[in-house]
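Quick mapping for you: the protein sequence lines, in order, are chains A and B.
For the first sequence, position 296 matches number 296 in the numbering used here, and the numbering has no gaps at all.
For the second sequence, position 174 matches number 174 in the numbering used here, and the numbering has no gaps at all.
A few of these clues could be false.
Derived DSSO-like pairs (lysine-lysine); straight-line CA-CA distance at most 30 Å [as the list claims (entries may be wrong)]: (1) Lys338/A x Lys382/A; (2) Lys236/A x Lys339/B; (3) Lys82/A x Lys99/B; (4) Lys454/A x Lys394/A; (5) Lys315/B x Lys22/B; (6) Lys109/A x Lys271/B; (7) Lys356/A x Lys382/A; (8) Lys22/B x Lys97/A; (9) Lys315/B x Lys338/A; (10) Lys106/B x Lys109/A; (11) Lys99/B x Lys171/A; (12) Lys371/B x Lys171/A.
Since the hints were derived computationally from the structure, they do not count as laboratory data.
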Amino acid sequence: MLPEPASQFGKGDVIADGVSAELDSLRRVARHGKELLNEIQEREAERTGITSLKISYNNVFGYYLEVRNTHKDKVPQDWIRKQTLVSAERYITQELKEYEEKILGAEEKILTLEQSLFALIVTEIQSNTFVIQQNSSVLARLDTLAGFAQLALSNKYNRPSINIGNTIVIKEGRHPVIETLMAPGEEYIANDLYLDCDSQQIIILTGPNMSGKSALLRQTALIVLLSQIGSFVPAKSAEIGIVDKIFTRVGASDNISRGESTFMVEMLETATILHNLSSRSLVLLDEIGRGTSTYDGMSIAWAIVEYLHEHPEHRAKTLFATHYHELNDLEEKFERVKNFHISVKEVDKTVIFLRKLVPGGTAHSFGIHVARMAGMPQEVVKRAERVLKKLEAKDNNSSKADKKGRVTLNDDAVQLSFFQLEDPLLISIRDELKELDINTLSPLDAFDKLRSLKKKIGL
Amino acid sequence: MNEDKKIVETPLMKQYFAIKGKYPDALLLFRVGDFYETFGEDAITASKILGIVLTRRANGAAQYVELAGFPHHSIDTYLPKLVRAGHKVAICDQLEDPKLTKKIVKRGITELVTPGVVYNDQILSQKENNYLAAVYFQKDQAGIAFLDISTGSFRVASGSLSYIDLLLASIAPKEILLQKGYRKGFEERYGKDIYISTMDEWAFVPDSAHEKLQIHFGVPTLKGFGIENMPLAITAAGAILFYLELTRHEGLGHICSISRIDEEEYVWIDKFTFRNLEIFGSYQENAASLFSVIDRTSSPMGARLLRSWLTMPIKNIDELNLRQNIVEFFFNETEQREKIQRNLKDVGDLERIISKAAAGRISPREVVQLKRVLNQIIPIK
């Protein structure tokens, strides 16, 4: 084939010379056709004395001889008149037509021949399809992995270590996308993170809005994701116990166009998570309960954390960012729940985001500071501060007396839920019991069944 | 069709309606001389999408039919626009030389183009696969098959409905093939975003699907592909092959193998998580995605592989270590890496070109490109 073939057959040459003898000779006829025509033109011009004789081509008549009217009388008998124009006449001759047929015939034959030669080439290619496909997979793989290396060099990633344990240890982790969006001179603040199934399974992350809670959640998931596709990660080091499910429920998503409210969507997404947990799941919850009233939202959030902690089969590692600092009380009650917050410094009346992950819960949500920074009118901010003081005082007084009472309430609440059939565990037990046919069950089988049911509940 | 059409039609229109009747849900491009014409509703739609003039044509005594058309050689410009707008397009060509016949020229459908079955570079995005998926439901389980005809990638899976949900979210096919009658249920569950095509019962029969696959791959059993014991998946895969036949896509030599997507091998990431983590895009229009930040591939094949790895991360530690070892090698050997990347850039989209060759749709320029590319591979080895 030619190195620069025509874009379509018929619009130029496709197959190179020297490939097919037949093609070459046909081409000679077609190309030299022009010379032949010139010869005819010269000959006829000489014979008839019509020096301005021209041979041209159009789609209607093919090749024809064009003669100016002034020379009309010199036209010989054997010429056949085809068309009369204002200043000229057009004729054809037997000889001309014969050559025309040869040339056009050649061009048609060339087209067919080129196409069939091309088809042969394509068939040859086709027989190698499988091998070429294999080559291209290998190439794709090389490409992606080389790309990872380039990425690691330019963005300062390091190799994570992956193991079959159940622990996630990230040292100086960063968010792969946000860190590229920092203003010049600004550096992304890295953070360490530790999650396992025995001592620190669930982290409750409190802190003001805009402090970086969501970023921390997302970067944890992204670092796990990157390590499980074979790439290096944006962290000083990372030890990742293989994760088999990553769930995130972040912020306020809007499926408003589908007619679902934000809170409904939130509940739907969270429900999916709770129904599909596994022992190696990583769960990230960001501001659950936001779309409804404060008490409702907080209660749901509380119950969710309990569920995740108390699940008999699966201890899903969880990061729960929330604005409900009441949830900090969970740390006392449940041994694998730990409080953390994103550090923020209050200097005079402004707030500086230090963005460091620090153990412990926060009492304040700095919401008012943010309002001040946003430029809310002074009276509004001052009034808000006074209202806040009052509410906090009320809360403190009642909380001491209530603490004992609250603890019992929680216990009752746990007890109650055990009998509610929404619990997937109970539903599965019920289903198993349903399947049993007592009439055909042997005592031994019944015993086994009881044993397995007991195991299921964790007894 | 209303009463008016019963009045005597021209032979051309008669021919048109006969063909249109066979493909009522496709936009019909009817070749008339040097033009592709659309009529009636199709013309109104085409004129809107393509920005071409809508006019009328006489159809028998005192009847008119809407008409919109474009020159046949512009089809590569207009066809992609129609498909991208989500339409199935039937291309009807003149089957014989009009100079050779005295009566009306014979015409027939030469291709049915649908969003999930595309070779055309103008419609495809380089960095993404373009999958057709078929789903075969049976009570609370389903079999699913995915085919990207532009690369030959053919994969199947079966399992619970929620597993199917996950796969649909990860692989994001552009068109779904269902049994007739399942359209509404599917739309209720998944919304109307994906283009749906349906086929009759006969295309979803396990035994004939099994046979069809065996014949296609030229093998006595499907054991070699590891899918022998997946009747639901096999049925879905068979439906895809039947669909390709129906839409006149022969030349499937590049579909050389079929593989199983094993639920156990991959990390479960649901569709909410994809969006929440902004892996490919987010709720906000201009936010950078993870993909855009980490993509350093030099060829479209690499980009597509990266995308598929991101949607289905793995749990196999050995494979992950192998990948990391190679990354580490390139990390340390910058010169080698850069050399390979330069070569890879020249390789371009080998995967899609070879598929076109196998389907007989390759152009002379592409063949030359292929030759060049194959030469490039040698230094990489």
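| said: Please verify whether lysine 338/A and lysine 382/A have alpha carbons no more than 30 Å apart. | reply: violated, 34 Å
| said: Just to be careful, I want the Cα atoms of lysine 454/A and lysine 394/A compared with a cutoff of 30 Å; is the pair within it? | reply: violated, 46 Å
| task | Compare the distance between the alpha carbons of lysine 109/A and lysine 271/B with 30 Å, and conclude whether the hinted pair is satisfied. | result | violated, 58 Å
| message | For lysine 22/B and lysine 97/A, compute the direct alpha-carbon distance and say whether it is at most 30 Å. | response | Judged against 30 Å, a Cα distance of about 47 Å means the pair is violated.
| request: For the pair supplied as a hint, lysine 82/A and lysine 99/B, confirm whether the alpha-carbon distance does not exceed 30 Å. | output: holds, 22 Å
| task | Quickly compare the C-alpha distance for lysine 99/B and lysine 171/A to 30 Å and report which way the hint goes. | result | Distance ~78 Å between lysine 99/B and lysine 171/A Cα, so the pair is violated.
| query | Does lysine 171/A lie within 30 Å of lysine 371/B when you go C-alpha to C-alpha? | reply | violated, 49 Å
| Taking only the CA atoms, is the gap from lysine 315/B to lysine 22/B under or equal to 30 Å? | This hinted pair is violated, its Cα atoms lying about 48 Å apart.
| field | Satisfaction of hint between lysine 382/A and lysine 356/A, Cα-Cα up to 30 Å | value | Satisfied, since the Cα-Cα distance of roughly 29 Å is no more than 30 Å.
| message | Need the status of pair lysine 106/B, lysine 109/A: alpha-carbon distance at most 30 Å? | response | Holds, at roughly 25 Å.
| request: Would you check the hint for lysine 315/B and lysine 338/A, treating anything up to 30 Å between C-alpha atoms as holding? | output: Since the Cα atoms of lysine 315/B and lysine 338/A sit roughly 28 Å apart, the hinted pair holds (cutoff 30 Å).
| said: Tell me if the straight-line CA distance from lysine 236/A to lysine 339/B falls inside 30 Å. | reply: holds, 28 Å
When each numbered hint is compared with the structure, violations occur for hints 1, 4, 5, 6, 8, 11 and 12.
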